[in-house]
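Chemist: Spelled out, the chains give:
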Amino acid sequence: MTKFYTKEHEWVEMAGAQATVGISEHAAHELGDITYVDLPKIGKNVKQFDALSAIESVKAASDIYAPVSGKVTEVNQALDEAPELVNQGAESQGWICKLEGVNEAELGALMDAAAYEEYLKGL
Amino acid sequence: MEELKSTPLRADHENLKALMAPFGGWLMPIQYSGIIAEHKWCREKAALFDICHMGEFLFKGDVVADGLEDVFTFSVNSIPVGRSRYGFLLNDAAGVIDDLIVFRLGEDEAMIVVNAATTDNDFAVIRSRLKNPASLTDISARTGKVDLQGPLSREIMVERFGAQIRDIPFFKFIKTSILGSDAIVSRTGYTGELGYEIFFPADRVAELWRLLLEDPRVAPAGLGARDLLRLEMGYSLYGNDLDETITPLTAGLSSFVNMNKEFVGKPALERESEQGSPRMKVAFKVDSRRAPRHFYQILQGGEEVGVVTSGAFSPMLSCGIGLGLVKPEAAALGTRLTIRNEKVEMEAQVVELPFYTGGSLRS
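Protein sequence lines, in the order shown, are assigned to chains A and B. Just so you know, we're using UniProt numbering here: the first sequence kicks off at 1 and counts up by one. Just so you know, we're using UniProt numbering here: the second sequence kicks off at 1 and counts up by one.
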């Protein structure tokens, strides 16, 4: 499966019409120790690039934006007790939520892994 | 922008891959391996901090006749030789120009240790208040300082530098020789753990830093961990919890003010004492892992009652903790507060200090 990335360092991975969303390894590293993830409410409808939730590290609080539009159907409950899972694997066990009803055409506004890597070099 | 100053340990920090950032006019290490890992290392083992950025002044003269006795909120003359004392330099309105420690090196000699960002101003203010300004010298540039803090710090210091370190009580210090250079080893720190501050010649402090880091029980820790450690103890940070608009009474630190002596700001403190403070320091614990942060609003029953001055996630308590200034009626233990900014809101409760009580500070 292919991951796509936003300029704000979220990732999204599609499985059919369901998307899994998180923050990139780069973002997790930059934030440092993650201490709190404000999980979105199940049932919440979000538009692409609108605020989805928030994440806090020892250093700062940051917003997380929806990489695609959709409805939140599942959240990674493990992050309530162990937000450090995001540091341990931001693009695997540290996923944040799942969205359904996603319009795959919106992926065109995102970067694939190679383009994201290039983008990071320019920061 | 003013150019940032570097400590003599900058190359060492860069070799250790520290994340460096500006702090009080200095380029300082914020973290090495990670703030929480460094914080826990200090609570469990021994962490080493670069504190070379702080300012040091040397006073040589007659403490009373030359006027040092009247400069601070505490009596310098009554500090026994070999002991240090914490207190304040105030303005006329009793606002805190700086919080500092005076080390009584001898009958006619004292070292004043001040915050980094305030060093130049402190020096000018203290000097202007002395009857003999020539008695004060700024020795910041030639004085290096590293702090070893943590429950294992005593055994490490004794193994490396000799048995005389074993018996230094809290807030006392000794003059000794380390690596062939004069050193002052003090049982002080700002972490809540047993620990030492070592004053050492700036041009050799890198040797001392490297020697201590050779010990596998010692790990470097940055300002990020230092801030969490001091906040878990409820200690005030200058620039956050203390500044020229906040008095020691407001900040809950009147025990470091001796009202039986003269000092600038005393009449203002007497007035505040009679009339009551319009706001008070408060310590609170958040109901979740969410961190309150500097300048978040504090509300009680929907009404704004104050502001957060320091806040963070506490690794030891696993919840948000903070200090703030509030109207006195919102400061009672157990009071329920709401902490918020334009994006987040969290519930909290007023608690006693320190937040963290398991430290080895006085062991």
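Check the hints yourself; a few may be wrong.
What the hints assert, rightly or not - Straight line, CA to CA, 25 Å or less: simulated DSS-like cross-link-like pairs of lysine-lysine:
no.: 1; chain 1: B; residue 1: Lys172; chain 2: A; residue 2: Lys59
no.: 2; chain 1: A; residue 1: Lys59; chain 2: B; residue 2: Lys5
no.: 3; chain 1: A; residue 1: Lys41; chain 2: B; residue 2: Lys343
no.: 4; chain 1: A; residue 1: Lys7; chain 2: B; residue 2: Lys343
no.: 5; chain 1: B; residue 1: Lys327; chain 2: A; residue 2: Lys59
no.: 6; chain 1: A; residue 1: Lys71; chain 2: A; residue 2: Lys121
no.: 7; chain 1: B; residue 1: Lys175; chain 2: A; residue 2: Lys59
no.: 8; chain 1: B; residue 1: Lys40; chain 2: A; residue 2: Lys44
no.: 9; chain 1: B; residue 1: Lys343; chain 2: A; residue 2: Lys71
no.: 10; chain 1: B; residue 1: Lys266; chain 2: A; residue 2: Lys59
no.: 11; chain 1: B; residue 1: Lys343; chain 2: A; residue 2: Lys59
Stated by the list, open to error - With the Cβ distance kept under 7 Å, some of the chain A side facing chain B (calculated, not the full set):
no.: 12; residue: His29
no.: 13; residue: Asp33
no.: 14; residue: Tyr36
no.: 15; residue: Val58
Note that these hints are calculated values from the structure, not bench results. Just so it is clear, CB atoms sit at the ideal spot from N, CA and C, and this is done for glycine as well.
Chemist: For a quick check of understanding: which of the numbered hints are violated here, in increasing order?
Modeler: 1, 5, 6, 7, 8, 10 and 12
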